[in-house]
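**Student:** Respectively, the protein sequence lines represent chains A and B. Quick note, the first sequence lines up with residues 1 to 327 if you use my numbering. Quick note, the second sequence lines up with residues 1 to 303 if you use my numbering.
Hints listed in this document are in silico derivations from the structure and should not be mistaken for laboratory results. Keep in mind the model is a prediction, meaning the values are calculated, not measured. All clues stand as given, with none of them false.
Listed next, with one range per pair, are the computed distances between beta-carbon atoms:
no.: 1; chain 1: A; residue 1: E303; chain 2: B; residue 2: L116; range: 56 to 66 Å
no.: 2; chain 1: A; residue 1: K63; chain 2: B; residue 2: E209; range: 15 to 25 Å
no.: 3; chain 1: A; residue 1: K78; chain 2: B; residue 2: Y124; range: 56 to 66 Å
Glycine included, each C-beta is placed from N, C-alpha and C at the ideal position.
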Amino acid sequence: MKELLSIRNFKAYYQTSSEEVRAVDGISLDLNEGEILGIAGESGCGKSTFSISLSCLFPPPLKYISGEIFLDGIDITKLNTQEIRKSILGPKISFIPQSSMNALNPTIRIRNFAIDIVKQHEPKTTRENIIHRVIERFESLSLPKDVLNRYPFELSGGMRQRTLVILSTIMNPEIVIADEPTSALDVSSQREVIELLKIMVKKKIMKSLIFITHELPILRQIADGIAVMYAGQIVEIGSVSDILFNAHHPYADVLMSSMIVPEKGMREKNLPSVSGTPPDLRHAIKGCRFADRCPEFKKDCREKDIEMVELTKGSFVRCIHPLRTKK
Amino acid sequence: MPGNPITGIVSKMASGGAPSDVLEKLYNSYIQEFGLDKPLYIQFWDYLVKVLHGDLGVSFSLYPIRVNEILAKALPWTIALQVPSIIIGWLLGNFLGVTAAYKKGKFDSVLFPFSLFISCIPYYCLAIILLYFFGVVLHILPTNGGYSMNLVPSFSISFILDVLKHYFLPFLSIVLVTIGGQAVGMREMSIYELNTDYVNYSKSLGIKESKIIRYVFRNAMLPQITGLALSLGTMVGGALIVEIVFSYPGVGTWLFNGIRQQDYPLIQGGTLLVTMAVLTANFFIDIIYSFVDPRIKASQIEE
Ligand SMILES: Nc1ncnc2c1ncn2[C@@H]1O[C@H](COP(=O)(O)OP(=O)(O)OP(=O)(O)O)[C@@H](O)[C@H]1O
Ligand SMILES: [Mg+2]
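Go ahead and model the full structure; you've got the sequences and the hints to work with.
**Tutor:** See the structure below:
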């Protein structure tokens, strides 16, 4: 399998005059062609920040700190805004926003917005050709092409989200990043969006997908692998079944069990089975970030920063006392 | 306004030195002519009937000229002054507002306080400042009137240039104040729009800034159009005062003359005209709004 994206020790902080929030603090991961990677983690662990940073635009107060993001062998963190906008965003990396009434400009028709997107990257293509292409795309994914003549407010929530999916992928991007794209939808619309995404990966309209969600059933439906984030870092990456049933990191383990059996009324509290709260991202933390809350805590956990280690092929964990491993 | 306007007219003639019984007769004939001997409700009824027939009556101060005639002469000046200046000020103000919101930094930190300052100055103050500076101190622009008294209105180059010279200061006063007010409002609206999801989404698709500014401009302008409808009355009122400051031969100056000389028919006619004009303009703004905002159009069609 061809490797598309390779992120190395990437850090991006929110920096204001008064404080610094280390929201993404040393993320490394690889993404292969055709792969769908799910990212899970408690609220506030930095999932959205990580997804925004992949655009390399770093809207203030977010700031690039260090690390590399290799896309086709080029480190895109070194490109300037102009180059990013011209050649990366759209054709290489694209985003599917959370479904909201406002994700689309309320006063232009879908068709004109699609034209604006394509024109941006292919200024020479005529409007007719673009419209033709967009209609084809809608039809091939069995969506009514009539959507194109409408304004965003004239679409149902589910239809609007599927339209967003198509608009985001109109340039056939290599990597699509979706941050909770279904969290505002009802269950049947959720399923439609998930199906649409899966078909698009299969049809190679996009080469790979990073999918951020709180909802485990969705990860099970769509993802090939899962990365579990905690306090700005990835603590474990592995295949869906490994992470779900054989997690090695104690945090991944409790997170998965809490997601599998959502206790009534406990949905908001993400981790019913561990006490304590995630560490404050404004301060540097020595050693394992989960140590305070870890049921498996040992003395040496806090001694030095923990590195990611590969346990088996494709399975990485950031823990010096991983669960379910024969010593 | 206390005082009997007829006494005023008659006493003006008396300064010519007419005998008192003649004046007495004159007085009575004026009273009759203007219908002032009738009871108030009949006077009012007469007025309504006349107005509905488009007759605004005879001016007291310029007897026997009709108010219609005076206003018909004044209206073109007022329209030519106010319509372009309010529209240009409005557009420029909105454009500057959105640019300030987008560019932030230096541009904003200069423009914003400046607009706020300008928008807080009453119309007449700015007009007087400009008049004093350009007309009195620098002596480069005329200080009053629509054209020089020694010229006869014609379509000659020299007359047109003269009119433009007189036009400039009142025009500038109105434009500046309108820019100030609009820029402040538009900046707020644009800052809000720039933080909406669709702006971020468009950016994440690589759409370039100028296009995004265009989206934002259009959407932030919608509430500004409503704002224009709401504040049009104030704007026109202010612009009328600018006319007075420059003795511009428009409706504002005539209204002011009317007030000074207790010319009730002229005051009534002038205010009626201005009110009708503002209402009509409002009506058109509403229609335009429903064309530019698809959401309004849709809800109207549903109804
Ligand atoms: N503009 C900002 N300025 C400062 N800190 C911020 C800002 N935005 C987010 N943060 C902080 O960064 C951390 C990561 O936030 P982020 O939104 O990435 O979390 P998340 O994992 O996406 O959470 P959720 O699951 O609730 O969406 C949080 O601690 C948050 O408080
Ligand atoms: Mg988030």
